[in-house]
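These protein sequence lines map, in sequence, to chains E and L.
Note that the first sequence covers residues 327 to 523 in my numbering.
Note that the second sequence covers residues 327 to 523 in my numbering.
Don't take each hint at face value.
[Stated by the list, open to error] Listed below are the simulated DMTMM-like cross-link pairs for lysine to aspartate or glutamate, each with C-alpha atoms no more than 20 Å apart in a straight line:
1) LYS328/E with ASP376/L
2) LYS446/L with ASP410/L
3) LYS374/L with GLU362/E
Since the hints were derived computationally from the structure, they do not count as laboratory data.
Quantities reported herein were computed from a predicted structural model and do not represent experimental measurements.
The residues making up each chain are set out below.
There are 2 protein chains.
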Amino acid sequence: MKSLDRFIRALRRLPGVGPRQAERFAAYFLRASQGETEEFIHALAAIKQDVKLCPQCFSYSEDGLCEICRDPDRDRGLICVVEDPQDIESLEKTGAYKGLYHVLHGAISPMDGRGAEQVKVRELLERVQHAQPPVREVIIATDPDSEGETTALYLADLLRGLVGQVTRIGYGVPLGGDIDYMDEMTLGYSLKGRTKI
Amino acid sequence: MKSLDRFIRALRRLPGVGPRQAERFAAYFLRASQGETEEFIHALAAIKQDVKLCPQCFSYSEDGLCEICRDPDRDRGLICVVEDPQDIESLEKTGAYKGLYHVLHGAISPMDGRGAEQVKVRELLERVQHAQPPVREVIIATDPDSEGETTALYLADLLRGLVGQVTRIGYGVPLGGDIDYMDEMTLGYSLKGRTKI
Chain E
327 MKSLDRFIRA LRRLPGVGPR QAERFAAYFL RASQGETEEF IHALAAIKQD VKLCPQCFSY
387 SEDGLCEICR DPDRDRGLIC VVEDPQDIES LEKTGAYKGL YHVLHGAISP MDGRGAEQVK
447 VRELLERVQH AQPPVREVII ATDPDSEGET TALYLADLLR GLVGQVTRIG YGVPLGGDID
507 YMDEMTLGYS LKGRTKI
Chain L
327 MKSLDRFIRA LRRLPGVGPR QAERFAAYFL RASQGETEEF IHALAAIKQD VKLCPQCFSY
387 SEDGLCEICR DPDRDRGLIC VVEDPQDIES LEKTGAYKGL YHVLHGAISP MDGRGAEQVK
447 VRELLERVQH AQPPVREVII ATDPDSEGET TALYLADLLR GLVGQVTRIG YGVPLGGDID
507 YMDEMTLGYS LKGRTKI
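If we strip away everything but chain E, and leave its shape as in the complex, we get (with noise of 0.2 Å):
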């Protein structure tokens, strides 16, 4: 069936869809109303459209400024680098920080051909070097991986001495963990970790 194999080969691409849930989506389709199809049809063509990248942070913004770049009562002093735009919402329900974001939109992969000239670096510098106030603390809040730990101490050399002090998330056992189950590194990092209870 052409259009049926189409579709579900347009699905298989969204990330992490196998074959199963591409079959699930489209029976979801097929069942939906013609009206349901087209809010979902619009909603997609509206976020093309209107969905655009804050010039600050580069996290996603309808409008200018992001909400958060906007928000008078964020400090200024204290930019968090993260890879996407999601790991923001993932901080911002810790609600431990209170400063801005910068979204690299990826990591710096040699192995993969991917620079620091195909992430948000340079604009980063940028910022931080006209930054008014002078940003106060770079957290960098890449992912714990191969990609995300070349990309942290990348970052980290060209941000010493352009800001106050540049620092690397916690690593550590996650909450809720299995002591037993956890790699040697990841243990090895909470024992130098630890902290006085």
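Following the hints, complete the assembly by docking chain L onto the known chain E.
Then chain L, alone, in the frame of chain E:
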């Protein structure tokens, strides 16, 4: 952000999609080229236009009878009843079945107010009554949950007398399963359904 929130709400309606996956899908579309997005939209619009139900078995079909119903090599004396079109693909993968199918498009669920008239039961009865050659066996392959069981018993009552025999797919321990994690109902069935080796 109005547009993004609206699209994420639309994505959340897809089966099994939680807030994180919806955000990841939205990020995929925001990164996708305009051409890729248009291709997705066209593919979606095309299935709504092209994909119909096979007038005999009610599986998906883009042109009259579906491929299986049209296939002269399938055994027309056998009908396997399933809840959803996707179930057919799973059964076809076994390579163990060469008959036809009948898709109910759901199961009977008195708790949810879904009776026999909401699924393709009447169509199944008419089909077996007029089938040439007559139907030797109807295999009921509804899900082994309470709705699927209710539906199987209900159909068996209606079909007895109209067809040679009515059978139900076998219950037992799934391959690769762990005996000590298996529920006692399944284990009970696997004991009753034991075969000589």
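Results of checking the hints against the structure:
no., hint, verdict
1, LYS328/E with ASP376/L, "holds (9 Å)"
2, LYS446/L with ASP410/L, "holds (11 Å)"
3, LYS374/L with GLU362/E, "holds (11 Å)"
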